[in-house]
Structures are given as C-alpha cells and as structure tokens.
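Student: Those protein sequences? They're chains S and B, same order as listed. When the letters of the first sequence are read in order and numbered with our numbering, they come out as residues 476 to 567. When the letters of the second sequence are read in order and numbered with our numbering, they come out as residues 624 to 1090.
The hints are simulated quantities; they were obtained by calculation from the structure and are not laboratory data. Treat the hints with caution; some may be incorrect.
Stated by the list, open to error - To give an idea of the interface, some chain B residues facing chain S are shown, with a C-beta separation under 8 angstroms as derived from the structure:
1) V784
2) G803
3) K956
4) N1001
5) S1005
6) V1016
7) I1023
8) T1027
9) I1030
Claimed, not checked - The calculated label-pair distances, taken between Cβ atoms and stated as ranges, are:
10) K641/B - P507/S: 46 to 52 angstroms
11) N647/B - E535/S: 30 to 36 angstroms
12) F515/S - F648/B: 56 to 62 angstroms
13) G634/B - M560/S: 37 to 43 angstroms
14) S654/B - I542/S: 28 to 34 angstroms
15) A1058/B - D519/S: 51 to 57 angstroms
16) V539/S - D672/B: 47 to 53 angstroms
17) E535/S - K641/B: 25 to 31 angstroms
18) A631/B - V539/S: 23 to 29 angstroms
19) F689/B - S501/S: 43 to 49 angstroms
20) G1021/B - D519/S: 55 to 61 angstroms
21) S501/S - E1066/B: 42 to 48 angstroms
22) W1082/B - F515/S: 58 to 64 angstroms
Cβ coordinates follow ideal geometry from the N, Cα and C atoms, glycine included.
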Amino acid sequence: MLKAGTWVEIEAVLLTPAERAPNLPSDTAQVPYILKLSGFLTEDAELGMEVAIRTLIGREHRGVLKIANPSYAHSFGATVPELLMIGTGGRI
Amino acid sequence: MPDMSYAAVLGRKNEIMKKALGINFEDFIQSPIAFDYERMMRETGYSHDDIVRIQTDSKVGNTPLFELKNLTEAVRKVAGPGKGATILVKDEAANASGSFKARRASISAFEAQKKGFQGLIAATSGNYGAAVASQAAMRGLKCIILQEVFDSRNVCQPEIVEKSRACEAYGAEVLRLSVGPELFYMALRTLEETGFFNASLYTPFGIRGVETLGVEVAEQVRARFKKDPDAVVITHAGGGNLTGTARGLLLAGCDQTRIVACSVDLGGLHMASDTDFNKKSFTTGHTGFGVPFATWPDRVDVPRNAARSLRYMDEYQLVTQGEVFYVTELLTKLEGLERGPAGNTSLTAAVTLACQMDRDQIVVVQETEYTGAGKHHNRQLSFARENGIDVRVGDPAGNIPGKTIVIPEHLGQVRGKVQDMDRLRVSYLKNAVKAHAVELWNENDYAFVAADLKTNTEWVKQALSNL
Chain S
476 MLKAGTWVEI EAVLLTPAER APNLPSDTAQ VPYILKLSGF LTEDAELGME VAIRTLIGRE
536 HRGVLKIANP SYAHSFGATV PELLMIGTGG RI
Chain B
624 MPDMSYAAVL GRKNEIMKKA LGINFEDFIQ SPIAFDYERM MRETGYSHDD IVRIQTDSKV
684 GNTPLFELKN LTEAVRKVAG PGKGATILVK DEAANASGSF KARRASISAF EAQKKGFQGL
744 IAATSGNYGA AVASQAAMRG LKCIILQEVF DSRNVCQPEI VEKSRACEAY GAEVLRLSVG
804 PELFYMALRT LEETGFFNAS LYTPFGIRGV ETLGVEVAEQ VRARFKKDPD AVVITHAGGG
864 NLTGTARGLL LAGCDQTRIV ACSVDLGGLH MASDTDFNKK SFTTGHTGFG VPFATWPDRV
924 DVPRNAARSL RYMDEYQLVT QGEVFYVTEL LTKLEGLERG PAGNTSLTAA VTLACQMDRD
984 QIVVVQETEY TGAGKHHNRQ LSFARENGID VRVGDPAGNI PGKTIVIPEH LGQVRGKVQD
1044 MDRLRVSYLK NAVKAHAVEL WNENDYAFVA ADLKTNTEWV KQALSNL
C-alpha cells in the first residue's frame, strides 16, 4: 500500500488508435496515444489502481498508478571508444 | 463538458489561441496570403530597449563571445592557401536554463505576467521547455510543459528525458507523451482547461526576444575586430533562431553579413513515426523541422508565424549526425568547452565555411547549449548502437540517416552539403498555392511572398508559371 502524499507516476490512454489524428504513419496509427505524469498521490493506493495525483503546480490528474517514487536514470551511456581518440594523439 | 475528441478540440483552435495569447491575428491579415509582418512584430508593445531590460532582469543575454583559436588553427591546416576564417562562438549556454531559448521565453513570461495570466504552457521537447519553466519559476508563475518522450516500447529518447528532468527541477508540471503529432491536440486541451498563456515558440514575443542575440553578436564582433561579421551560422529548426538573430543583425546595421542556416540531415526518417522516433540521434536542429518550417512557416500553433526563415536566409547547409558528434568532441578537446549538440550543429557548418573563407574573414556560430546526462554525444551514440544503428569511423559522405552514423576520420571529411535555395523557394510556393489558389492572389500577395522568399515579384511570377 502506498500512502497518500507519495510521489508517483501515473499513465493514461488519451486517445485509442481509432481516436487518433488522421494521416498518421501506419506504425503510429495502430498504437494508443499515452500520457505519463508524476505527482503526489491524493489517497492511499496500490500499484495498478486508477488513482488521482496532484502535480507540482497543484493540478489534479487521474490515471493508472505505475511507479512509486519515480526517478531519472538517464546517463552518459556506455563508452563509445571511437570518440576517445578524437582531438588527442594528433588526430584532428 | 465540451467535446474532447481530436477533431472537436482542433476545431476550437482559433478561439483557444485567441484567449491564450491576447493577439488578434486577424488585425494584421491583408489578403489571402499577405499579412503586415512588420506591424505585427512592432505591435508586440516592446521596444528593443524594453527587451534588453526585461532580459537583463531575468538572467538572460550578454553572453560571452569566444574566439576558437585552436579550432581555427586546425581548420587552417586543412584549408587552401590564404583560407581559414576566424571562428567565433557565442556562448549562449550561459543564459539561465542553459540555452538561447531563454531569450524567447523571457518576453513571453513577462507578457503573461503583465496580462495577469496564472501560468504558461509550451509544447516542446527541446530546450525551450526548460527555458519557459525557468522564466516561470523566477516570476512565480505556474508552468506546464508537454513533451514527446517515448515510443510504444516505452523507450525514451535520453535527451528528452533530460529535458523532462530540467523542467520538473524548475517546478513545472511535465506531461510526457508518446510519439505523435497529437502533442498539439494535448496543448490545446491544456490551454483550454487552465486558461494559461500560450508561450508558443512562434509568437512575435518569442522572435523579438532573439533579436538581442543578433545585436550582441554585431556589437561584440565590432568591439573586438573593428568590422562586421562576414557570416553568421545558425542552427535551423522551426526558424525562430534564424529569424530573430538575422533581424537583430539588421537592426544593428549588419546588412552585408551572410546568414547561413544549418540543419542535421535526417532525410528519410518520418517525424510522426513510432519506429523512426528512436532512430534519430538529434531531437531538434534537423531537417525534419528545418525544411517544412522554412517552406511553409504557418504550419505552427499560431495563425501567423513570426519566424519566417526564408526572409533572411542566404544559404542552407546540411550536415550529418556523425560530423556534428566529431566536431562536438573537437570543441571539447581543442577548446576546453563541453557543449551540447544544438550549437555544435552550426559549428560543424562553420568549419566547412571557414575552410572556404579568407583568413581575414570572421564566421560566427551564434549559440551553444549546455550538455550533460542524456544530452551528451556519448549517450546519443551509445543509444544509437542500442537501437541498431551502425556507428563507425570513416567518410561520412553517403551516410544514411536511421541506418548509419559515420564519424569522420579527420577534419578534411567535415563538409556541409549546400542546399539549392531556389528549390526551397519553389517548395514554399507549392505549399502556398495548396493553401490559397493562385487565382485568388493579388499584387499584395505576390509582394508578400517575394519578401518572404528574399526575392522579387518577377521571380515569384516566373516560378509560379513553371509549377
């Protein structure tokens, strides 16, 4: 059980494939249009439940509870050795 | 409860926009195509001095102009005798939020506060989101940023993840969306729900805000070199960077300076395709925006776009992803400046130009942006590998976007591809004719289109007859 006030991520389907914009490429047209959003849980809830959250600016949104305490894990990536030699050892 | 279907929301576009901007675009429209562009730009209500004052108050502008001496020397070693212009770079990463986009956001945020709006909204996956969020934060306004972040496999483009983080760090609500042009639909819905200000990239506020960049370039080059810049290279996507900078240069009297646009070539990749989304190693400054926006500016989220790049463009170069990553690494190693891909796109074209220009000439790269986790070129290249792109060292000529990224072996292999400007102009004319049948045009329309294409009415009429 996640307590009200926990920082979470929700997900919501905004448009089903049938409701999407016309003239989309076929790969895009066959998948739903999805929103992901973080905020504070307004009531105690379990993952997978339909919940409400309050965002950093105080707006309320509804969606399926996906992640507790979401974080950013983007990085500098696996080293690309091809870059290391540029500009060193006389290679310009 | 209003109808929230895609068609219904798009159908309410004009009324939503009018409320969310406070600009009545119809005041400026003259005939089917023509509108009074200069009056629209003037009647934003801000003088150049006002804009400088607002920007100084909001941690924007007066960024340093650096001479890239080591890179210039390296270029001179591969250039022909007497060739190798001095390369200068305007370090726009020094603005609050780390890019030139703060110049655009600063005036919108000031305007929103002046008009009593409670918050700002922008639909952008680029640096502009962080710029709006940062400006909103310092004015105590609320901010909502909408971004296209992930594909249907839930794989996020790392650079856009970094932008989500930055926007949230400044206290914004970040709506992270899957791939699709419905970003605009969601922006309209959100404007309608909240009554917030539309901090569109394409309003006169945004573009007037960039003019200070052009003026600063002119003043700084003159102060140091006692002459005007011979060429200014501008990374080109939606056209605002180029339009604003060129207008600023003209305002400062630099009417002989060559305005060179540069985009990364992503030819063949579809901008609305779920599968192509993560095959791109650049999220902006590429041909997917650069060409369509140049050849039909009014495709944007406001009825008349203040960013009209072909009005000011003298030349348009395309570079490959591999060339930009190579030059990014050279900037780091030779000049001790670690900066992001957007400004380094124009730096790549500047290398080509400097090779062709005389030694006593000056070429200015007018922006840098911050770099870091997600944005860094090492992450973009490792991400490309994870997505099946063949990353290798070699000659970038013949590179295929979405399949290969070829990092040049040496500086001599960095060579921008010059585009045929008349082909771009003809493409604009085709779009114009599609939007407004040529039978409805009057002399004013021909004159407007000629100005929009930096040409004359005779050329326009001749080109139309050849369509």
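Student: Taking the hints in turn, state whether each one holds.
Tutor: Verification of the supplied hints:
Look at V784/B: its Cβ gets to within about 4 angstroms of chain S, closer than 8 angstroms, so that hint holds up. Restraint check, G803/B versus chain S: the minimum CB separation of about 6 angstroms is within 8 angstroms; hint holds. Because the closest C-beta pair between K956/B and chain S is about 3 angstroms apart, less than 8 angstroms, the hint holds. Below 8 angstroms, beta-carbon pairs count as interface contacts, and N1001/B has one with chain S at about 5 angstroms; its hint therefore holds.
A cut of 8 angstroms between beta carbons decides the hint on S1005/B: the least distance to chain S is about 3 angstroms, and the hint holds. For V1016/B, the interface hint holds, since its Cβ comes within 8 angstroms of a Cβ in chain S; the closest pair sits about 5 angstroms apart. A least Cβ separation of about 18 angstroms between I1023/B and chain S goes past the 8 angstroms threshold, and the interface hint is therefore violated. For the restraint placing T1027/B at the interface with chain S, the shortest Cβ-Cβ distance is roughly 13 angstroms, beyond the 8 angstroms limit, so the hint is violated.
Given hint, I1030/B at the interface with chain S, holds; its Cβ is 5 angstroms from that chain's nearest Cβ, closer than 8 angstroms. Distance hint check: the CB atoms of K641/B and P507/S are about 31 angstroms apart, inconsistent with the given range 46 to 52 angstroms. At roughly 33 angstroms, the beta carbons of N647/B and E535/S sit within the given window of 30 to 36 angstroms. Under the hint 56 to 62 angstroms, the C-beta atoms of F515/S and F648/B, about 39 angstroms apart, miss the expected range.
The given range of 37 to 43 angstroms is broken by G634/B and M560/S, whose C-beta atoms sit roughly 56 angstroms from each other. For S654/B paired with I542/S, a C-beta distance near 54 angstroms fails the hint of 28 to 34 angstroms. Checked against the hint of 51 to 57 angstroms, the pair A1058/B and D519/S passes, with Cβ atoms roughly 54 angstroms apart. Taking the beta carbon of each, V539/S and D672/B are about 52 angstroms apart, inside 47 to 53 angstroms as hinted.
Checked against the hint of 25 to 31 angstroms, the pair E535/S and K641/B passes, with Cβ atoms roughly 27 angstroms apart. Taking 23 to 29 angstroms as the suggested C-beta distance range, the pair A631/B and V539/S conforms, at roughly 25 angstroms. As the Cβ distance of F689/B to S501/S is approximately 47 angstroms, the hint placing it in 43 to 49 angstroms holds. Taken as a hint, the range 55 to 61 angstroms holds for the pair G1021/B and D519/S, whose Cβ atoms sit roughly 59 angstroms apart.
Our hint of 42 to 48 angstroms for S501/S and E1066/B holds, since their Cβ atoms are close to 44 angstroms apart. Between W1082/B and F515/S the beta carbons are some 60 angstroms apart, a value that agrees with the proposed interval 58 to 64 angstroms.
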